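Quick note, the sequences are listed as chains A and B, same order.
Counting from 1 along the first sequence, just add 873 to a position and that's the residue number in this note's numbering.
Counting from 1 along the second sequence, just add 873 to a position and that's the residue number in this note's numbering.
Misleading hints may appear alongside valid ones.
The calculated label-pair distances, taken between Cβ atoms and stated as ranges, are [claimed, not checked]: (1) B:Gly925 - A:Asp999: 37 to 47 Å; (2) A:Asp901 - B:Trp992: 22 to 32 Å; (3) A:Arg1051 - B:Asp1044: 33 to 43 Å.
To spell it out: a stretch of chain B is covered by chain A in this simulated footprint if at least three of its residues, at any positions, have a beta carbon under 8 Å from a beta carbon of chain A; those stretches are [as the list claims (entries may be wrong)]: (4) 1023-1029; (5) 1039-1048.
Hints are computed from structural coordinates only; laboratory data are not their basis.
Everything numeric in this text was worked out from a predicted model, so none of it was measured.
Beta carbons: idealized from backbone N, C-alpha and C, even for Gly.
So the chains spell out like this:
2 protein chains.
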Amino acid sequence: MTTAKRDTYTPETLLSVAVQVFNERGYDGTSMEHLSKAAGISKSSIYHHVSGKEELLRRAVSRALDGLFGILDEEHARGGRASDRLEYVVRRMVEVLIAELPYVTLLLRVRGNTDTERWALERRRDFDHRVAELLKAAAADGDIRGDVEVRLATRLVFGMINSIAEWYRPDGRGMNEREVADAVTQLVFGGLRRAS
Amino acid sequence: MTTAKRDTYTPETLLSVAVQVFNERGYDGTSMEHLSKAAGISKSSIYHHVSGKEELLRRAVSRALDGLFGILDEEHARGGRASDRLEYVVRRMVEVLIAELPYVTLLLRVRGNTDTERWALERRRDFDHRVAELLKAAAADGDIRGDVEVRLATRLVFGMINSIAEWYRPDGRGMNEREVADAVTQLVFGGLRRAS
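Using the sequences and the hints, build the whole thing.
If you want it as structure tokens, here you go:
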């Protein structure tokens, strides 16, 4: 027996259901029918909150992007030597990724089939660019190695950070966000090799 | 006008078409119909070469796995200090990923819905485990930092390497596999920070 749940959703709580479904089925593979089933409310109830699934996508990736861009406005990202600011940003990226895991996961899977997806990709590129500029400035200061090309280094560091979304599960049994952020910062800046 | 292509495929050339379709549509989203269209031959011609799409998947991920496991049998991966062997393996992983890009990309996207996918995931875990053992031995030798937990360090290093599949395109305009392998090795072992 299925009983329709009374619609006690807010745009915010509906969003968290939608993001889960998008991450499981892929955005393209998700219909309003799927969202309605997962939320336990009718499609027209969903349309009461949002104009459609693309609006849910926009809200979800906005949350991830706001979290990431917010880092750049934080005090330690704005003042001081470029290398210290870069280290701060790398650490905070890991923390934001873990704190907003489903939203960042969705952002990382966006492919560019709709206007919203293309907009999200553009914003991601802006963010990558801002971090690359910081890396460039740190290299110009002589604090960061100059033998790895800036764009490639940025891609590799983002690759390491973003890969956390593939395996991190906030189940309380594993590492917390601080431990993961410490490890990433140590590896990215110090490398594996023990200084001799 | 569509004319059916004469079947001049070998299992090998059919495989390269199939891998491309799997990577574009996802393995689950690919039907024999899609494969038949992409190859320009009938489904029965495909069945002449292989038992079905799962056999194509098995052959494709086997090629990636054979490439990766082959590294561990190479001379420099077998003799010498653990840290040198680890560095060699990391470099060769990047080279194999780029040399077998579509096959490794497919392997990295495998999700575990079929026996073949579960087998591939199991083999991937074996490989990860072999590299983690090397990292552990290098830490025991005192050559690798001991403050990042082995399993986490392995995951992060694999995350960096595997992310290359997301953006690397062998179009001749960008970096070649040696440049990317150099950069990864420098970052993973030396980190970004300039030794002072």
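Comparing the hints with the structure gives:
1. B:Gly925 - A:Asp999: 37 to 47 Å: holds (45 Å)
2. A:Asp901 - B:Trp992: 22 to 32 Å: About 28 Å separates the Cβ atoms of A:Asp901 and B:Trp992, which means 22 to 32 Å holds.
3. A:Arg1051 - B:Asp1044: 33 to 43 Å: Since A:Arg1051 and B:Asp1044 have Cβ atoms about 41 Å apart, the given range 33 to 43 Å holds.
4. 1023-1029: It holds: at least three residues are needed, and the region 1023-1029 of chain B offers 4 whose Cβ sits within less than 8 Å of chain A.
5. 1039-1048: It holds, with 3 qualifying residues against the three required.
The structure is consistent with each of the numbered hints, conforming to all of them.
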